[in-house]
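Let's have the full structure, built from the sequences with the hints guiding it.
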Amino acid sequence: MSRDEAFEAEALPHFRALYGTAYRLTRNPHDAEDLVQETYLRAYRSFDGYTPGTNIRAWLYTILHRVRADFGRRAGRSPETVELPGDGPGVAGGQEALATGGDIARAVEALREPYRTAVILRDVEELSYEEIAKIVGVPIGTVMSRICRGRALLRETLKEMKP
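When we follow this note's numbering, the leftmost residue of the sequence shown carries the number -16, and every step to the right adds one.
Fair warning: there could be bad hints in the mix.
Taking lysine to aspartate or glutamate pairs in the EDC-like style, the calculated list, with each CA pair at most 20 Å apart, reads [said to hold, decoys possible]:
| id | residue 1 | residue 2 |
| --- | --- | --- |
| 1 | Lys142 | Asp86 |
| 2 | Lys117 | Asp106 |
| 3 | Lys117 | Glu96 |
| 4 | Lys142 | Glu92 |
| 5 | Lys117 | Asp53 |
Honestly, the hints are just simulated from the structure, not real lab data.
Right under this line is the structure:
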């Protein structure tokens, strides 16, 4: 199997999940597309360093997290993009409820970035604590506390939203 075929077989099945996560993190379809495109570009360039049979999903999420951090640093130096009504593609399959502005989606969006990232990677993407720790580059205890605190903040926000 050629390098291109191996990359396609291993990495491309995770496209929709990566896009969904990027969308939830950025809240903008164009920014999410840019993040995923850059993630796959970097993954392709460094695919020779990937060990076949290991957890490619966690490897891709690590790259996505780093790309997002790089984009975040650049964001202070570039204009903010704004989504126009009806602009851009719909959210990847299975994530319509999060993208349409339900109470849970608004509560997740209200979380500060470290909590939002940890909760999304754990509760939506179902990554392990160890995988999340590697992806975001913090100790596993920090991941656990961010998830715990993030969930507590979600509960508080959702209680406030109830009539």
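These are the hints, each one checked on the structure:
1. For the proposed pair Lys142 and Asp86, the alpha carbon gap of about 10 Å is at most 20 Å, so the pair holds.
2. Taking the CA atoms of Lys117 and Asp106, the gap is about 17 Å. The hint holds against a cut of 20 Å.
3. Distance check on the hinted pair: Lys117 and Glu96 sit about 17 Å apart at the alpha-carbon level, within 20 Å; holds.
4. Between Lys142 and Glu92 the CA atoms are separated by roughly 15 Å; this keeps the pair inside 20 Å, and the hint holds.
5. Simply put, Lys117 and Asp53 have alpha-carbon atoms about 17 Å apart, close enough for the 20 Å limit, and the pair holds.
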